[in-house]
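Engineer: Chains D, W, R and H supply the protein sequences, listed in that same order.
Per my numbering, the very first residue in the first sequence carries number 7; after that it's consecutive.
Per my numbering, the very first residue in the second sequence carries number 7; after that it's consecutive.
Per my numbering, the very first residue in the third sequence carries number 7; after that it's consecutive.
Per my numbering, the very first residue in the fourth sequence carries number 7; after that it's consecutive.
Derived by calculation from the structure, the hints in this document are not laboratory data.
Watch out, some of these pointers could steer you wrong.
To be verified - Counterexamples of contact, computed for chain D against chain R with all Cβ distances above 10 Å:
hint, residue
1, Met7
2, Val32
3, Gln43
4, Arg169
5, Gly288
6, Arg324
Unchecked claim - Capping the alpha-carbon separation at 20 Å, the derived lysine-lysine pairs in PhoX-like fashion look like this:
hint, chain 1, residue 1, chain 2, residue 2
7, R, Lys79, R, Lys149
8, D, Lys72, R, Lys200
9, H, Lys68, H, Lys58
10, W, Lys180, W, Lys79
11, R, Lys72, R, Lys149
12, W, Lys149, W, Lys72
13, R, Lys58, R, Lys200
14, W, Lys58, W, Lys180
15, H, Lys180, H, Lys58
16, H, Lys68, W, Lys119
17, H, Lys180, W, Lys72
18, H, Lys119, W, Lys79
19, R, Lys58, R, Lys180
20, D, Lys119, R, Lys79
21, R, Lys68, R, Lys58
22, D, Lys79, R, Lys79
23, D, Lys180, D, Lys58
24, W, Lys68, W, Lys58
Model, not experiment: these values are computed from the prediction.
All C-beta atoms, glycine included, are put in the ideal place defined by N, C-alpha and C.
4 protein chains.
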Amino acid sequence: MPGNSFGTLFRVTTFGESHGYGIGAVIDGCPPRISLQPEDFYAAMAARRPGKSPSDTPRREKDTVKILSGVFKGLTTGTPITLLILNRDVNSRPYEILSTLFRPGHGDYTYFKKYGHFDYTGGGRASARETAARVAAGVVADKILYPLGIEFTAFTVELGGIRIKKIDLNYINKSPLLCPDPDASEEMIDLISKVRQEGDSLGGIVEARISGCPPGLGEPVFDKLEADLAKAVMSIGAVKGVEIGEGFGAARLRGSENNDSITPDGFASNHAGGILAGISNGETIIIRAAVKPIPTIRLEQDTINREGQPAKLKMQGRYDISAIPRIIPVITAMLKIVLADHYLRQRAIMTE
Amino acid sequence: MPGNSFGTLFRVTTFGESHGYGIGAVIDGCPPRISLQPEDFYAAMAARRPGKSPSDTPRREKDTVKILSGVFKGLTTGTPITLLILNRDVNSRPYEILSTLFRPGHGDYTYFKKYGHFDYTGGGRASARETAARVAAGVVADKILYPLGIEFTAFTVELGGIRIKKIDLNYINKSPLLCPDPDASEEMIDLISKVRQEGDSLGGIVEARISGCPPGLGEPVFDKLEADLAKAVMSIGAVKGVEIGEGFGAARLRGSENNDSITPDGFASNHAGGILAGISNGETIIIRAAVKPIPTIRLEQDTINREGQPAKLKMQGRYDISAIPRIIPVITAMLKIVLADHYLRQRAIMTE
Amino acid sequence: MPGNSFGTLFRVTTFGESHGYGIGAVIDGCPPRISLQPEDFYAAMAARRPGKSPSDTPRREKDTVKILSGVFKGLTTGTPITLLILNRDVNSRPYEILSTLFRPGHGDYTYFKKYGHFDYTGGGRASARETAARVAAGVVADKILYPLGIEFTAFTVELGGIRIKKIDLNYINKSPLLCPDPDASEEMIDLISKVRQEGDSLGGIVEARISGCPPGLGEPVFDKLEADLAKAVMSIGAVKGVEIGEGFGAARLRGSENNDSITPDGFASNHAGGILAGISNGETIIIRAAVKPIPTIRLEQDTINREGQPAKLKMQGRYDISAIPRIIPVITAMLKIVLADHYLRQRAIMTE
Amino acid sequence: MPGNSFGTLFRVTTFGESHGYGIGAVIDGCPPRISLQPEDFYAAMAARRPGKSPSDTPRREKDTVKILSGVFKGLTTGTPITLLILNRDVNSRPYEILSTLFRPGHGDYTYFKKYGHFDYTGGGRASARETAARVAAGVVADKILYPLGIEFTAFTVELGGIRIKKIDLNYINKSPLLCPDPDASEEMIDLISKVRQEGDSLGGIVEARISGCPPGLGEPVFDKLEADLAKAVMSIGAVKGVEIGEGFGAARLRGSENNDSITPDGFASNHAGGILAGISNGETIIIRAAVKPIPTIRLEQDTINREGQPAKLKMQGRYDISAIPRIIPVITAMLKIVLADHYLRQRAIMTE
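With the hints as constraints, model all of the structure from the sequences given.
Structural biologist: Quick look at the structure:
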């Protein structure tokens, strides 16, 4: 299969480029008779929308999700749900230089090598704008999961090297960076302001938690729940690392420390991050993603043109300083898509 | 699709349980007229075989790979290649206790919750023995890649908290732990010996490098090369984290540091780990995997039985102290399978 | 995978309902740098459009294909091509009765049983209108095949029991029924006129020929070229039978008659219809499809309502008398999609 | 995906060649806790085995199915079920001539063109022997369907041009040709005897009926139940045509004749063959397959060698005169695989 679809039974195909007509998703396999209205998308799309946090660019897309198919009288029909988000606030002029120069840290060079040409306006298919379609699809996935009591929380645990020291889940939505530590949040905001002036950018780490997941989701061997979660998260452009539960920290634990004892009331600890042998164990699923700094910076960089000659690149305009926090709803959306898919897969074989 | 297959065009399906008749793989999509003999599997299977390193159990499977189909007069035919490895050194008696008790850190509990019953002898389908089939499949993948100059190296960068301080690639095969730092290797061996006596186990980190990969492999959006690599590696039982290039370290870099400048002679650095926007850029692909400590330990642990009542579990026998170094050829095999698959995918659309 | 996608490497996903916003297709896997403009769709869409032949309803959709994504500066980019056709000439009022009654011969009853509710306006997802998206996708497939010299011809060989007696390929486009026999064409037109007055409908048989197909396309065992062609054609709503080469006639031949001798200049005959053991042999591929009579008729019919009580149904309005000839470009489109897919699949493994 | 797998959730991958080590199937996605023993395969394998009917070759394979994986204590575990059937009665010498000559009507020429070389012994991968693996997989599918009351009957409706005139379902198993008309059965036996002496072969038509199928199985658009059934049946080597319900006969009916009226007690007729708009309607599913005459005949034929020079081919030995009746359990097996798959697919989305 080509690479623009994800999932086995709950299958999401995204399409569109940053500066084209629009971006969207076709969701095939959604069960019927689920209520779905345009308003259901408002909150998630707003969370991903730029211009809300100190690390964002001021570009403001309205990002209204239009439901083109698959819903009748307000209920899903079981046929493909097509979601379309028009591109409105598009100015391709600053990108004209990319018809000759490759941006370091971006896909310009690799798309050119792969395809021989590519849509360079606004990042084309490789733009973070593509993730708006994922967020929209995640809303539909959530419609399957929420009634089951499966809930998702995600927050910033590190930004520009500043790590949270405590987790106050109630503070997350008060922090413009979705950071659960008020002090760290302040520090991060200050750092962003400083780095913005320098014309540079920042990376960070996001943690997501999935509570209420029943035991039994995930498949043996290749489609382990953690494998599909890792792929889902790593398929987001800025993500360069993924870990489950203790993750890289598990490498430093002894077996006696890392094993979670089992008691009549459940697991005594959750080093495993809610997944054993690729299958959910009923505990909270914990996953962290390493987010690289935004590659588009205002500082001058060395690069080459399409003929291979050296060149200097200096991007004009204003850009996001960090993919955090806008990437957080994207990560959550991908987790939801994975869970909805594995839930349907498990339904197909459940036998009691 | 169910979860025991991997890959789109070079598609590997594994089967078998630890204490059943045998384990194996069916490889569908391998191009024709590639030389393939039983001897081609010797080196890779020997590398994965237990009993060679200080961290291994002494169980000795001969692990001869039998080619059941897909090869005629020594050449692949383009039809499914079936590889079978018989289980010989099998003693299921120590596992009889698992008909009632769940081992902490293992899939016993989750398989039981998912399927209602499971093969508990030797770990059944969830046993690391399944990975022998992956290693065999990796040998076939390598037959496609090696003539293209794509080569794989993998080694231990950390074990039980001991991190390498230097990388001497020539030392890797001299170290029983495939550790490129002679001093660290010695320290690790000492630690293993100590932990073995304690009845405990150790985790670590493995790094793999893929050199000679041409630019252009990987698909946009969901089947990014790094996403498929992450899934491939995370689908190995003991792996709880994956990172590409700078990985989690990228979270602490500025964009100006993390971006790899492009010069007429190639990239000036390789923070990206050889992949940009999900597509290989021609540089060495670098991937690291966090390996958790082996969950089977000789120390007594708290658990429950199938009726939910508390119980103590104390495994008899001798077990691996660490999945490292035996996991290294498994990781390499999975990387090979991903690369072979993406190479064939790219061939289908290449146009010049 | 859910059921709205087709193909492995050239993968078409269709979406949309008859009376919704529009219908469309996402094509993932199309090679890059193929010229594609809105005008490329004019001829094929016009051929499928109603109101051109004596057997059609007078509904007139303009059926302009809008390219939403995947094309940059007039060339495909290798990323998903999204095609959208708006629904304009929509009057759902005559369908309101279908909120309670099931039409015989239609999917109303089965969609209701499968999903618990369904979009009954204009046939919803089960409407023949969905095939407009297939025709559009077929245009893209043809862009891959035409430069290779692979060409498609299709025509009516039977309608309402009237069978052609000769084949004049030059006459096909002169016949409003795409019938290659002028006399039979006239007879068919007369029959349609008579049946229209009776309020009834007609079926028929279509033959398609694919010339210029190189040998080697098709996969062993399940994805035989003829199996994928059969699925492709049988997936069109009105088709109830498919045959390749001699087809059902082969059942009455001896082996010595049905076998095609091989000569230095090619096959001496083509009973096989261009496919041997599931793989193209270089001869013209010949496939026939049995098309059932349109189930929507103006005659009164017995049915039940959603509560299971008997009812009479009499559809008002004007309807197509036969799916022929409008189904012909749909069949051709599906054949093109299969061929493009198998061509790309073969490219991935070709080795010389 | 490569071509040796079939099904989405109940996924069958077959492997093996006629004269290799053996042939087999891996079934991934079978639900757990289904009783499965080697004896379960006896009847189906015996039905497919050669040497039982007048149209067969006397080669006698014992065709014992060995369960290599996926079953524990007599119950399926939900992990891949691997079935292996050894090749025993193998004599490759008569096939040595095929290292240079292509047999008319066989895949020799097309495999050579596709792959550049192929296993020509006993037909290699293209041999009808591959279907033994399908029959074995069908037994597992039946284990899912039988408890639901879904049952399969298949029989010969035509052989060598002799068509049945009545259907006595009780006679099927009394006829060595699985023909439900005693008189026709006798005629067919006489014809086979005559054609055997001539060194020629015969084709025919098989009808299969699936009773007890609940409404709602099948997916809209591409994975219509009839499309997947058509592919399944057309993927069997000797089949060149498939029809559902009235099939090609529907082309000659008026809509008022072909539509099945709906009554409070079900459908008043079954022209549709149990499927409407691609979804089962609860009536008996009826499907017919056109079977070409066996291409291997003892009569001398014209062909070419690998260098393209003309040659005469005269096969020695004894061969089947017709694929009927041995193909009947193969057709039934494929139908079972399709139904099991669509049943699991429907379970994933069922909502009441």
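Engineer: If a hint holds in the structure, say so; if it does not, say that too.
Structural biologist: Cross-check of the supplied hints:
Interface exclusion of D:Met7 from chain R breaks down, the closest Cβ pair being 6 Å apart, not more than 10 Å. With a minimum CB-CB distance of about 5 Å to chain R, D:Val32 fails to clear the 10 Å threshold, and the non-interface call is violated. The claim that D:Gln43 lies off the interface holds: its Cβ sits roughly 15 Å from the closest Cβ of chain R, which is beyond the 10 Å cut-off. Separation of D:Arg169 from chain R is adequate, the least Cβ-Cβ distance of about 37 Å exceeding the 10 Å criterion.
Annotated as non-interface, D:Gly288 keeps its C-beta farther than 10 Å from every C-beta of chain R; the closest such distance is 28 Å. Listed as a non-interface residue, D:Arg324 keeps its Cβ farther than 10 Å from every Cβ of chain R; the least gap is roughly 25 Å. With a C-alpha separation of about 16 Å, the suggested pair R:Lys79 and R:Lys149 falls inside the 20 Å cut-off, and the hint holds. Of the pairs offered as hints, the one joining D:Lys72 and R:Lys200 is violated, with about 45 Å between alpha carbons and a cut-off of 20 Å exceeded.
Simply put, H:Lys68 and H:Lys58 have alpha-carbon atoms about 12 Å apart, close enough for the 20 Å limit, and the pair holds. For the proposed pair W:Lys180 and W:Lys79, the alpha carbon gap of about 37 Å is over 20 Å, so the pair is violated. Taking the CA atoms of R:Lys72 and R:Lys149, the gap is near 17 Å; set against the 20 Å cutoff, the hint holds. Among the hinted pairs, W:Lys149 with W:Lys72 is consistent with the structure: their alpha-carbon atoms are about 17 Å apart, no more than 20 Å.
A threshold of 20 Å between alpha carbons decides the hint, and for R:Lys58 with R:Lys200 the separation of about 18 Å falls inside it, so the pair holds. Between W:Lys58 and W:Lys180 the CA atoms are separated by roughly 12 Å; this keeps the pair inside 20 Å, and the hint holds. For the given pair, H:Lys180 sits about 12 Å from H:Lys58 by alpha-carbon distance, which is consistent with the 20 Å threshold. Proposed proximity of H:Lys68 and W:Lys119 is contradicted: the alpha carbons are some 39 Å apart, above 20 Å.
Proximity of H:Lys180 to W:Lys72 is assessed by CA-CA distance (about 43 Å); at most 20 Å being required, the pair is judged violated. For a cut-off of 20 Å, the pair hint linking H:Lys119 to W:Lys79 stands: about 18 Å separates their Cα positions. For the given pair, R:Lys58 sits about 12 Å from R:Lys180 by alpha-carbon distance, which is consistent with the 20 Å threshold. Distance check on the hinted pair: D:Lys119 and R:Lys79 sit about 18 Å apart at the alpha-carbon level, within 20 Å; holds.
A threshold of 20 Å between alpha carbons decides the hint, and for R:Lys68 with R:Lys58 the separation of about 12 Å falls inside it, so the pair holds. At roughly 39 Å between alpha-carbon atoms, D:Lys79 and R:Lys79 are farther apart than 20 Å, so this suggested pair is violated. For the suggested pair D:Lys180 and D:Lys58, the alpha carbons sit about 12 Å apart, so the restraint of at most 20 Å is met. Restraint check for W:Lys68 and W:Lys58: satisfied, since their Cα atoms lie roughly 12 Å apart, inside the 20 Å limit.
Of the numbered hints listed earlier, those contradicted by the structure are 1, 2, 8, 10, 16, 17 and 22.
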